[in-house]
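Chemist: Sequence:
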Amino acid sequence: MLRTIPLSKNYTIDQINHLIDTGHVFVTPFGLNRTAYIVVNHKPFMVITTDISIKGVQLSGAWYSWEDLEAMGGVYESEFDALKAIAGGA
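According to the numbering used here, the residues represented by the sequence shown are 470 to 559, in order.
Incorrect hints may appear among the rest.
As the list claims (entries may be wrong) - Computed Cβ-Cβ distance ranges for the label pairs, DEER-style:
# : residue 1 : residue 2 : range
1 : R472      : T497      : 14 to 22 Å
2 : N510      : I474      : 37 to 45 Å
3 : A556      : A531      : 20 to 28 Å
4 : L552      : D490      : 36 to 44 Å
5 : D537      : H493      : 20 to 28 Å
Hints are computed from structural coordinates only; laboratory data are not their basis. Every residue gets a Cβ at the ideal spot worked out from N, C-alpha and C, and that includes glycine.
Model the full assembly from the supplied sequences, consistent with the hints where possible.
Modeler: As structure tokens, then:
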């Protein structure tokens, strides 16, 4: 039975390059079950990252597309980054 397995140091460079070339490797901006901050009406709100997909992210149980989050004001790893973005420093 095939299962999802994490990437490890046992993969060769050729195997890793193949995964990248075929679109199987992604870098996620946030870790699962970690706090993040979204900007809503120019105010930061703390949320929990509950799932991540290619086209969006699930924050505290609600799915948002990356485009929707960008239009709202963004999603940030820390409250400081969210406040900096609101103030125009990002």
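Chemist: Tell me the numbers of any earlier hints that the structure contravenes, in ascending order.
Modeler: Violated: none.
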